[in-house]
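S.K.: These are the residues of each chain, in order.
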Amino acid sequence: ELKVEQNPLFLSMQEGKNYTIYCNYSTTSDRLYWYRQDPGKSLESLFVLLSNGAVKQEGRLMASLDTKARLSTLHITAAVHDLSATYFCAVDAYQGAQKLVFGQGTRLTINP
Amino acid sequence: DAGVIQSPRHEVTEMGQEVTLRCKPISGHNSLFWYRQTMMRGLELLIYFNNNVPIDDSGMPEDRFSAKMPNASFSTLKIQPSEPRDSAVYFCASSRGQGATEAFFGQGTRLTVV
Chain A
1 ELKVEQNPLF LSMQEGKNYT IYCNYSTTSD RLYWYRQDPG KSLESLFVLL
51 SNGAVKQEGR LMASLDTKAR LSTLHITAAV HDLSATYFCA VDAYQGAQKL
101 VFGQGTRLTI NP
Chain L
1001 DAGVIQSPRH EVTEMGQEVT LRCKPISGHN SLFWYRQTMM RGLELLIYFN
1051 NNVPIDDSGM PEDRFSAKMP NASFSTLKIQ PSEPRDSAVY FCASSRGQGA
1101 TEAFFGQGTR LTVV
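One line per chain: the protein sequences are A and L, in this order.
Residues 1 to 112 in this note's numbering are what the first sequence lists, from first letter to last.
Residues 1001 to 1114 in this note's numbering are what the second sequence lists, from first letter to last.
Hints were generated in silico from the structure; no laboratory data involved.
Glycine included, C-beta positions come from ideal geometry on N, C-alpha and C.
Do not rely on the hints blindly, as some may be mistaken.
[Claimed, not checked] From the structure, some residues in chain L lie toward chain A, with a derived Cβ separation under 10 Å:
| # | residue |
| --- | --- |
| 1 | 1004 |
| 2 | 1033 |
| 3 | 1062 |
| 4 | 1101 |
| 5 | 1105 |
[Stated by the list, open to error] Taking lysine to aspartate or glutamate pairs in the DMTMM-like style, the calculated list, with each CA pair at most 20 Å apart, reads:
| # | chain 1 | residue 1 | chain 2 | residue 2 |
| --- | --- | --- | --- | --- |
| 6 | L | 1024 | L | 1014 |
| 7 | A | 41 | A | 1 |
| 8 | A | 99 | L | 1011 |
| 9 | A | 17 | A | 58 |
| 10 | A | 41 | L | 1057 |
| 11 | A | 3 | L | 1057 |
| 12 | A | 99 | L | 1057 |
| 13 | A | 99 | L | 1056 |
| 14 | A | 3 | L | 1011 |
| 15 | A | 41 | L | 1011 |
[Unchecked claim] Some, not all, of what chain A presents toward chain L, calculated at C-beta under 8 Å:
| # | residue |
| --- | --- |
| 16 | 48 |
| 17 | 52 |
| 18 | 56 |
For reference, chain A alone in the conformation it holds in the complex:
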């Protein structure tokens, strides 16, 4: 059974700082997704990573995938308050059709 683990689960940081969220998964997959969820809202797709070594960047967020290590990272550069949210990674445990298994989520709070 595929397991997806994120760490840290809670992260409080100051504006302007850099930090990284980690996503580990237990079985082979080369399809990984990052989502953002604001309080009381739905999940918004941020990044789609489809191969080993894939790197995607959008603004202050950068995601990467190492399929051999079964690890993805979401790096935040010079954090701003607007990035406060819960971030989820999801791994595709393809079983004849797409099946997304989510990590626990990382609640990120950025303080002024």
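The hints should help you fit chain L onto chain A, whose structure is shown.
M.R.: Just chain L now, with coordinates in the frame of chain A:
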């Protein structure tokens, strides 16, 4: 496209009552997912469909839960009878399902069973 549409947005019901949640996926998407989100358990995949066929329902917690997808544009998740521990936010999501594409989520249904 309007995105994934769920109804109702909020539902409050009494224990023992039947609850039906509805979902309209994005047109052209072949895969549909039902997730449940709680503080304690996070996001749990309940069931997913591909081309209207249930592929994996191993996440459905009990026989009280059932899901159907009678056609490509509509799915339901039914709880009968409902219990207070079913209180959660239920999300429906859809994706193209062919190859690796991201899933797009609806706004969710917040269910409260009292």
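S.K.: Does the structure break any of the earlier hints, and which numbers would those be?
M.R.: 3, 6, 7, 8, 10, 14, 17 and 18
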